[in-house]
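Number 1 in full-length UniProt numbering belongs to position 1 of the sequence shown; there are no gaps in the numbering.
Keep in mind the hints are simulated off the structure, nothing from the lab. Any given hint might turn out to be false.
Said to hold, decoys possible - Once the Cα atoms are required to be at most 30 Å apart in a straight line, the calculated DSS-like pairs of lysine-lysine come out as: (1) Lys91 with Lys47; (2) Lys268 with Lys241; (3) Lys237 with Lys268.
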Amino acid sequence: MAPYYECTRCNRDFYSLYALREHERQSDRHWICNEHDLDFSSWLGLKEHFVQSRAHSYCQYCDEHFDDEGWLEEHYQQEHDYCSPCGRVFKNETGLHEHRRQSPLHHYCASCRRLFVSAANLTSHLNSSIHVERTIRCPGRGCTQTFINVSSMTAHLEAGACVSGMTRQGVNRFVRENDRRNLITDPSRLITAGDGRTNTLFSANEHSWNGYGYECYLCHREFTTLAGLNQHLASPKHEEKVYICRGETCMRRFQTLSSLWSHLESEKCGVTRFGSVRRAMDELVGGMQRARIGY
């Protein structure tokens with residue numbers, strides 16, 4: 001008796017394996033995964049296998065197979081609304097937007113629809129001029145610029161970018177004259193010349209050339225140009241850290257007022273909760289505004 005091959009699902013016999021395989025290939029009652037030699041009774045069963053099996057790099061939305069997971073991920077990113085960190089594909093952009101907005105795993109600005117790599121970056125974005133109104137007026141004489149916070153305004157003055165001609169040295173002098181209770185300054189580090197000016201101005205000339213570069217005589221860092229060296233010397237790099245955060249658990253020191261303001265605005269140490277510090281900040285900024293500082 002000749003051997004036969006049985007299809008139990010269809011209750012049919014075949015005289016060759018080839019005939020059985022042809023039957024399975026053409027019948028709508030057989031859905032075959034050729035790679036694993038698995039026979040499913042429906043297309044949904046086979047599709048579920050493709051989706052769940054790690055051996056298949058399969059896009060269920062396009063019914064398309066890829067060589068590996070890398071190619072599949074690239075396809076998701078290019079063709080679908082895909083959340084890469086979560087490995088999830090959404091029906092449309094609105095679904096992806098809602099996922100990012102509600103998920104605690106994502107640092108997401110919903111109004112800008114922008115994703116950030118860290119909570120700090122998101123906070124910085126939310127505190128930027130994109131979301132915060134510029135309400136701080138520059139106290140420089142003749143200047144009409146406005147800023148989102150005091151630290152930005154102070155950095156503007158310290159950089160010498162203000163039309164008033166105010167500089168970092170001028171800001172330091174104003175603070176020294178007005179912070180009489182030393183709430184934000186360390187008097188032991190306020191080195192002054194006889195006329196009350198801070199004695200921290202450095203400059204270099206051609207004698208700074210050491211044969212390889214222009215060398216800083218304070219830190220021995222080399223620069224390719226004399227202008228670069230003098231820019232370095234004009235920066236607060238070598239100045240005393242005269243500004244201090246009076247938080248009991250902080251006591252950090254800063255070389256510039258803008259750096260201290262930025263630290264206080266971040267509320268990292270909570271010192272701004274103390275009325276004396278808050279009043280000192282308000283009085284100092286208010287004094288600048290009233291004086292319309294400049295040269």
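For the pair supplied as a hint, Lys268 and Lys241, confirm whether the alpha-carbon distance does not exceed 30 Å.
Within the cut-off at roughly 19 Å; holds.
Lys237 and Lys268 were given as a pair; does the straight-line alpha-carbon distance stay at or below 30 Å?
Holds. Lys237 to Lys268 sits at ~24 Å (cutoff 30 Å).
Holds or violated: Lys91 and Lys47, Cα atoms, limit 30 Å.
18 Å, holds
Of the numbered hints given earlier, the model fails none.
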